[in-house]
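**Q** First residue of the sequence shown? That's 2 in our numbering, and the numbers climb one at a time after it.
There may be inaccurate statements among the hints.
Said to hold, decoys possible - Ranges between beta-carbon positions, derived for each pair:
1. E143 x N92: 19 to 25 angstroms
2. K468 x V42: 51 to 57 angstroms
3. Y103 x S360: 51 to 57 angstroms
4. V157 x T261: 20 to 26 angstroms
5. I399 x A421: 32 to 38 angstroms
6. E264 x V406: 53 to 59 angstroms
7. Q375 x Y405: 30 to 36 angstroms
8. D442 x V42: 24 to 30 angstroms
9. N217 x E264: 27 to 33 angstroms
10. S55 x T135: 23 to 29 angstroms
11. E227 x E143: 33 to 39 angstroms
12. E180 x E352: 45 to 51 angstroms
13. D442 x K108: 38 to 44 angstroms
Said to hold, decoys possible - With a straight-line Cα cutoff of 30 angstroms, these simulated DSSO-like cross-link-like pairs (lysine-lysine) come out:
14. K331 x K430
15. K65 x K158
16. K183 x K153
17. K137 x K48
18. K65 x K183
19. K331 x K349
20. K183 x K158
21. K137 x K105
22. K359 x K263
23. K342 x K356
24. K342 x K65
25. K359 x K446
26. K105 x K150
27. K110 x K183
28. K43 x K108
29. K446 x K462
30. K110 x K91
31. K430 x K446
32. K91 x K137
33. K446 x K48
34. K91 x K183
35. K260 x K342
36. K263 x K349
37. K110 x K43
38. K65 x K108
39. K91 x K108
40. K110 x K65
I should point out that these hints are in silico values taken from the structure, not numbers from a laboratory. By construction, the Cβ of each residue, glycine as well, lies at the ideal position given by its N, Cα and C atoms.
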Amino acid sequence: MEPEDEYRIDEPLADDFDMINQHLLEEDIGGEEKSPAPDIVKVNSTKLDLDSLSQNYTDYGLMKRLVFIADVCPPLQYEALGMLANYIIKNTQNVAMLVSTYQKFDKAKLTSGNNQANAETMPPIDNSWIETTTTKATSQLESLLAESKRQKDEGVKESIRRSMEEVFHQHVQMGNLQEALKLYGRGMREYCTAPNYVIQMLLNWINVTIYADQWNKLDILLPQAERAIAEAQERESIGATSTSRPSMAALPAKINAAKTYKELIQSSKAKVFAVTGLYRMHGRNYKSAADSFIQVDLDALNYPQLLSSNDVAIYGTLCALATFDRNELKERVLGSTLFRKFLESEPKLVELLQKFCKSAFGTCLDILEELRDQLLLNMYLAPHLDDLYSLIRRRAIIQYCAPYVTTDIRIMAGVFRTSAEELEEELVKLIELGSLSARIDSFNKILHARSTDQRAEIYQKIITLRKSLDERAYGILLRAALQQNKIIVGHGDPVGKGQGRRRPATHNLDDSDESTPHDVFMEEI
Numbered sequence: 002m003e004p005e006d007e008y009r010i011d012e013p014l015a016d017d018f019d020m021i022n023q024h025l026l027e028e029d030i031g032g033e034e035k036s037p038a039p040d041i042v043k044v045n046s047t048k049l050d051l052d053s054l055s056q057n058y059t060d061y062g063l064m065k066r067l068v069f070i071a072d073v074c075p076p077l078q079y080e081a082l083g084m085l086a087n088y089i090i091k092n093t094q095n096v097a098m099l100v101s102t103y104q105k106f107d108k109a110k111l112t113s114g115n116n117q118a119n120a121e122t123m124p125p126i127d128n129s130w131i132e133t134t135t136t137k138a139t140s141q142l143e144s145l146l147a148e149s150k151r152q153k154d155e156g157v158k159e160s161i162r163r164s165m166e167e168v169f170h171q172h173v174q175m176g177n178l179q180e181a182l183k184l185y186g187r188g189m190r191e192y193c194t195a196p197n198y199v200i201q202m203l204l205n206w207i208n209v210t211i212y213a214d215q216w217n218k219l220d221i222l223l224p225q226a227e228r229a230i231a232e233a234q235e236r237e238s239i240g241a242t243s244t245s246r247p248s249m250a251a252l253p254a255k256i257n258a259a260k261t262y263k264e265l266i267q268s269s270k271a272k273v274f275a276v277t278g279l280y281r282m283h284g285r286n287y288k289s290a291a292d293s294f295i296q297v298d299l300d301a302l303n304y305p306q307l308l309s310s311n312d313v314a315i316y317g318t319l320c321a322l323a324t325f326d327r328n329e330l331k332e333r334v335l336g337s338t339l340f341r342k343f344l345e346s347e348p349k350l351v352e353l354l355q356k357f358c359k360s361a362f363g364t365c366l367d368i369l370e371e372l373r374d375q376l377l378l379n380m381y382l383a384p385h386l387d388d389l390y391s392l393i394r395r396r397a398i399i400q401y402c403a404p405y406v407t408t409d410i411r412i413m414a415g416v417f418r419t420s421a422e423e424l425e426e427e428l429v430k431l432i433e434l435g436s437l438s439a440r441i442d443s444f445n446k447i448l449h450a451r452s453t454d455q456r457a458e459i460y461q462k463i464i465t466l467r468k469s470l471d472e473r474a475y476g477i478l479l480r481a482a483l484q485q486n487k488i489i490v491g492h493g494d495p496v497g498k499g500q501g502r503r504r505p506a507t508h509n510l511d512d513s514d515e516s517t518p519h520d521v522f523m524e525e526i
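All chains, full assembly: derive it from the sequences and hints.
**A** Structure follows, in structure tokens:
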């Protein structure tokens, strides 16, 4: 075991104030800064199998999805609420969410005319479970808080960390997400005596922050997680090159510890890449989101608390189609050794990418339309689906027009599954935005690409390059002249006095950049 001195951390302040995460403390953690709720699009037809959700997600990752599906998909509403109620009773102590679930169920019965066949999927409310669980959960929380206080009084950091972690998980089990966040916001990091503890703490913090819809806090937490992983990697590399040799008896334990440590690093990297992509997508920065998703390692990703491999494949594909050019799609998505693993179980997405790269845009749009209802039931993707579809369609139109001098809008309308009039309106918008350089013959329904004078463009580039080379050559000659005459240009004289004064060197000059600046500006020598 590593000595604790290597990770010695000064004691926190008296009130356990975490200076690093001061923006995440009590007043900043309140619910007033939650992201606004997106407009809900109702889905009346879907082939989604809810049982598959329970296989891919756990905890709040499953519960929040079931709540979302119950809100947006009337045909699955009763089934989703019934599954949610059963999961809460069997796996959590979240009485508040259970009560809210039954309230949704009662409201659904009133609005749907009390459909008895569907309502049978909902178990009857168990008031005794509510009372028993409330008493038990409160007692456990009080006991854990007392133990945490006792450990703080004793001052053993590792014991304090474990006790605070138990209190944190108890709050999450009870649905007290704000209390859990406040607990981690107060000096929890000060008690983490090793990088692996810091990583796990930050991942738990990130999960609950997303559960509570406080996305803006990830601006602070994600960079901290990246730094913690980098420190852990550095420590691993140092340990791998260590010259000390363990005894034969201790060798298996050391090998297993190193393997576990490496697996933690790889798993944490995959989770951080996935969460970063999700956060960028939430902020509608789709290109950065795609950059993050395609770096996730499927072999290391095990994240049922938040995302599945299917989510990463869908999010990465749509964000890439919306923002990458054809070469990037071929090289960074279809040609990626990491992301290709996600696509192996998603043949529709592979076909979508291949058809887009081959400019078979009609088939692409058909596939997207086929997937629409299923994607609208994905809680993190649904608010962005219209924007992503619009960006993909816009990129497809631009790519379709690129090789042609003239394009028949009527033929093009058939490819893009619309009428000539509607397509003409889309083309007008693209021209106004500057995304498409063309003119429209509205009478004959012909799109004319604007001809560009390539000779003039090349000539202008040559002029710009010549100016740049002239400036660099002048700077080099000026620097050489200063060195030859042993002139130092500094900032030692007061402003307005001795400007441009020539002074002899007080030491031998060489060609290093430390003796004379590379870029020198003088009005007179």
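**Q** All hints, please: hold or fail.
**A** Tested hints:
1. E143 x N92: 19 to 25 angstroms: For N92 against E143, whose Cβ atoms are near 22 angstroms apart, the range 19 to 25 angstroms holds.
2. K468 x V42: 51 to 57 angstroms: Holds - the Cβ-Cβ distance for K468 and V42, about 54 angstroms, lies within 51 to 57 angstroms.
3. Y103 x S360: 51 to 57 angstroms: holds, 52 angstroms
4. V157 x T261: 20 to 26 angstroms: holds, 24 angstroms
5. I399 x A421: 32 to 38 angstroms: violated, 18 angstroms
6. E264 x V406: 53 to 59 angstroms: With Cβ atoms ~57 angstroms apart, the hint holds.
7. Q375 x Y405: 30 to 36 angstroms: With a Cβ separation near 35 angstroms, Q375 and Y405 satisfy 30 to 36 angstroms, so the hint holds.
8. D442 x V42: 24 to 30 angstroms: Once the Cβ atoms are compared, 37 angstroms apart, the range 24 to 30 angstroms for V42 and D442 is violated.
9. N217 x E264: 27 to 33 angstroms: At 31 angstroms between Cβs, range holds.
10. S55 x T135: 23 to 29 angstroms: Roughly 25 angstroms apart at Cβ, these two residues keep to the hinted range, so it holds.
11. E227 x E143: 33 to 39 angstroms: holds, 37 angstroms
12. E180 x E352: 45 to 51 angstroms: holds, 47 angstroms
13. D442 x K108: 38 to 44 angstroms: For K108 against D442, whose Cβ atoms are near 56 angstroms apart, the range 38 to 44 angstroms is violated.
14. K331 x K430: With Cα atoms ~28 angstroms apart, K331 and K430 stay inside 30 angstroms; holds.
15. K65 x K158: Not satisfied, since the Cα-Cα distance of roughly 34 angstroms exceeds 30 angstroms.
16. K183 x K153: holds, 17 angstroms
17. K137 x K48: violated, 40 angstroms
18. K65 x K183: With a Cα-Cα distance of about 21 angstroms, the restraint between K65 and K183 holds, given a limit of 30 angstroms.
19. K331 x K349: holds, 16 angstroms
20. K183 x K158: Holds, because 19 angstroms separates the two Cα atoms, which is no more than 30 angstroms.
21. K137 x K105: holds, 25 angstroms
22. K359 x K263: violated, 41 angstroms
23. K342 x K356: The given pair, whose Cα atoms are some 19 angstroms apart, holds under the 30 angstroms limit.
24. K342 x K65: Roughly 27 angstroms separates the two Cα atoms, so the pair holds.
25. K359 x K446: holds, 25 angstroms
26. K105 x K150: violated, 39 angstroms
27. K110 x K183: violated, 38 angstroms
28. K43 x K108: holds, 17 angstroms
29. K446 x K462: The hint is violated at about 36 angstroms.
30. K110 x K91: At roughly 24 angstroms apart (the allowed maximum being 30 angstroms), K91 and K110 satisfy the hint.
31. K430 x K446: holds, 16 angstroms
32. K91 x K137: Status holds; Cα separation ~14 angstroms.
33. K446 x K48: Outside the cut-off at roughly 40 angstroms; violated.
34. K91 x K183: Judged against 30 angstroms, a Cα distance of about 27 angstroms means the pair holds.
35. K260 x K342: holds, 23 angstroms
36. K263 x K349: Roughly 34 angstroms between the alpha carbons, so the hint for K263 and K349 is violated.
37. K110 x K43: holds, 17 angstroms
38. K65 x K108: Holds, at about 19 angstroms.
39. K91 x K108: Holds, at about 24 angstroms.
40. K110 x K65: holds, 21 angstroms
Checked against the numbered hints above, the structure breaks hints 5, 8, 13, 15, 17, 22, 26, 27, 29, 33 and 36 and satisfies the rest.
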